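Read off the chains here:
There are 2 protein chains.
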Amino acid sequence: MRPVAIIGIGQTKIDEAWEKSIRQIAAEAIHAALKDAGRESADGIFLGNMMSGIINSQNNLGPLVADWAGLKTPAVKVDAACGSGGAALRAGLMAVGSGELETALVVGVEKMTDRHPHEVTVALATAADADYEVDMGISFVGLNALIMRRYMYEFGWKHADFAQFAINAHANAMHNPYARLHHTITLEEFEKSAMIATPINLLDASPIGDGAAALYIVPADSLQAGSRILIAGSAAATDTIALHDRPDPLFLAAAYKSSQAAYQQAGVGPGDIDVFELHDAFTVMSALSLEACGFAERGQGPRLALDGKLTPQGSIPVMTRGGLKARGHPVGATGVYQLVEVVQQLRGECGKTQVPEARIGMAQNIGGSGATIITHILKRE
Amino acid sequence: MRPVAIIGIGQTKIDEAWEKSIRQIAAEAIHAALKDAGRESADGIFLGNMMSGIINSQNNLGPLVADWAGLKTPAVKVDAACGSGGAALRAGLMAVGSGELETALVVGVEKMTDRHPHEVTVALATAADADYEVDMGISFVGLNALIMRRYMYEFGWKHADFAQFAINAHANAMHNPYARLHHTITLEEFEKSAMIATPINLLDASPIGDGAAALYIVPADSLQAGSRILIAGSAAATDTIALHDRPDPLFLAAAYKSSQAAYQQAGVGPGDIDVFELHDAFTVMSALSLEACGFAERGQGPRLALDGKLTPQGSIPVMTRGGLKARGHPVGATGVYQLVEVVQQLRGECGKTQVPEARIGMAQNIGGSGATIITHILKRE
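If you read the sequences in order, they're chains A and B. Counting from 1 along the first sequence, just add 1 to a position and that's the residue number in the numbering used here. Counting from 1 along the second sequence, just add 1 to a position and that's the residue number in the numbering used here.
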């Protein structure tokens with residue numbers, strides 16, 4: 002496969018965009034990416050989205066978005082639940098890498114706030130096993146609560162030990178104009194926030210939202226070396242869909258597999274990663290990702306947060322633009338937001354949360370409670 | 002992109018499979034394709050599906066199906082409404098063609114009969130424009146009824162002139178053990194059948210159903226020339242999602258574009274196609290496809306049917322295994338069924354509906370009322 006690079010990025014502010022439709026926010030991100038890339042169209046569009054069929058009564062999102070954006074270009078939707086954005090980049094990468102297309106737009110879009118929150122909760126649960134998890138009465142946050150409780154029990158952490166994941170995310174989001182939440186939080190607020198599903202409270206959890214993000218990709222050999230943003234590693238891995246089927250529910254096997262494959266492709270290891278946009282849907286997921294990807298020993302993820310290693314000045318900066326926690330989590334779009342943010346870091350566009358001399362960045366996108374995990378490594382070179 | 006071939010096929014009988022879940026029928030088709038290919042696993046799974054989120058309360062279909070099939074392999078869902086099956090093959094083709102994967106399973110699956118027909122009608126309508134078509138009160142069959150009525154008016158056909166499309170499909174399905182409907186129909190029955198949305202009656206329309214089909218693909222250069230089934234052409238094209246936005250709603254522009262691109266790739270023209278599995282969701286769509294793909298002049302599609310040109314012995318055999326009309330139309334799976342059937346023809350496995358010496362076959366899969374159209378050409382060589 003020929004090397005592929007990202008030459009354009011676009012994103013909308015994550016919000017409750019009641020005055021806009023899903024096609025509008027997708028087209029906004031597309032036009033921003035086209036402008037950034039200095040292009041007018043693309044040979045194909047790969048759309049990451051999870052729940053348009055349920056929440057927006059709209060499948061066939063490809064032509065809907067291509068049409069509204071004014072691009073009569075083949076367009077297809079790729080779905081891997083909350084991992085849809087990363088899956089869309091993988092599809093676009095293979096299309097351009099194979100030579101089948103010369104250019105592609107990779108778009109993540111989700112419009113979640115037009116329905117009652119109960120309906121959104123039901124839609125989110127479609128990421129889990131409908132027959133053997135959801136039909137038993139558990140919600141998606143409930144599944145994550147089982148993970149967090151077990152993690153605390155096994156490794157001896159208390160709830161407050163997870164606070165720094167959220168505090169760091171909120172602090173970073175203050176400097177991201179596209180973030181959903183623009184307020185810092187304190188340890189006291191973290192501990193006192195409303196309980197959602199014990200032990201997960203409001204400040205452990207990422208907010209939903211409406212948003213779209215886009216990448217413009219081309220063959221790397223057409224670009225001048227030095228400031229290219231290459232897709233140096235790309236890998237997906239699959240675990241059981243149901244949490245209870247995993248021999249060790251506290252180990253993200255698919256994160257391990259996909260990160261190892263991506264490291265190998267990129268010729269790097271965890272120590273080389275300058276910035277890591279991970280999938281902090283819930284604070285405990287940050288710990289599990291850091292461990293599975295080789296940044297911490299098993300059960301020691303929270304230590305990195307407590308020791309301040311995850312800030313933009315730390316040894317492994319994460320959620321530098323706010324993460325899912327404070328930038329927001331428009332589920333099918335999130336994976337593309339992560340990649341846009343890594344590009345911003347590698348370009349040095351992140352102002353107060355810029356990681357000094359960031360050259361290699363990683364984004365990891367998770368669908369379900371670890372069922373589909375897609376890892377990308379980007380390199381400036 | 003390196004050439005890719007199909008070495009295994011599998012399918013389930015299209016039915017009301019109330020005793021099976023969506024993961025079970027998908028795994029059945031996968032295991033049949035693996036057995037046919039003489040393989041035990043694959044490097045990736047590409048799943049075509051449209052409505053699992055709405056009808057089966059299940060997104061994240063990739064790991065659900067991979068898990069149940071006993072394959073811990075990366076798996077992703079591709080959605081282009083009723084064109085999802087063809088879109089899944091295109092995704093798999095680019096993955097194997099690019100060298101990113103060595104083998105892939107392409108699966109189409111849909112489980113539609115577990116809910117009330119009203120819910121299925123609502124789910125089918127998500128293939129159209131939710132805001133500007135469906136919210137106005139029109140259903141998906143209603144949109145096709147507008148097309149058919151206009152077609153009859155513009156070109157002077159009467160309803161009975163479309164009967165031969167359905168009669169041919171039912172006659173061919175008699176010899177396909179996987180078909181949903183196993184009964185022949187007459188012109189009189191066609192004319193007297195229940196009205197659905199004037200002028201579309203029950204025998205103009207394809208039945209929904211539960212079904213899964215699968216293809217196993219590998220690089221062609223690993224195979225011995227002579228009896229390989231090559232994917233010689235593959236192209237997708239997009240039109241407006243809404244019917245009313247098209248300058249000419251009786252011309253399938255995306256069918257024209259994608260078939261022209263596929264012809265060019267394969268180095269063939271309409272006259273070289275030995276068998277054509279087209280997307281006869283409604284009889285009028287057969288006419289439009291035949292015209293857009295160069296088999297008939299504008300407005301003259303029904304003439305081919307009336308003259309007996311579409312039977313297995315005719316000049317351009319279509320729906321040789323029953324088509325959507327009688328084999329059945331499990332929407333997101335249909336595109337893969339079409340491809341499986343073309344492979345069966347090229348292998349000479351079709352018994353009484355075998356097209357003599359079939360060597361080049363085409364499959365065309367449509368998402369929405371012509372919004373996404375994907376054309377594949379397969380060649381035995």
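Hints may contain errors.
Pairs count within a copy or across copies, as identical chains cannot be separated in the list.
Stated by the list, open to error - Below, computed lysine to any residue pairings styled on SDA-like, alpha-carbon distance capped at 25 Å:
#1 Lys310 x Asp44
#2 Lys193 x Ala226
#3 Lys73 x Asp132
#4 Lys353 x Phe252
#5 Lys14 x Phe252
#6 Lys310 x Asp162
#7 Lys14 x Asp162
#8 Lys36 x His160
#9 Lys73 x Arg304
#10 Lys73 x Phe156
#11 Lys14 x Met137
#12 Lys21 x Arg229
#13 Lys353 x Ser22
#14 Lys353 x Gln261
#15 Lys36 x Gly71
#16 Lys14 x Gln265
#17 Lys353 x Glu20
#18 Lys36 x Arg304
#19 Lys14 x Gln301
#20 Lys159 x Glu350
#21 Lys21 x Tyr133
#22 Lys73 x Gln261
Because the hints were derived from the structure by calculation, they are not lab data. None of the values given here were measured: they were computed from a predicted structure.
Structure versus earlier hints, numbers of those that do not hold, lowest first: 1, 2, 4, 5, 7, 8, 9, 10, 11, 12, 13, 14, 16, 17, 18, 19 and 20
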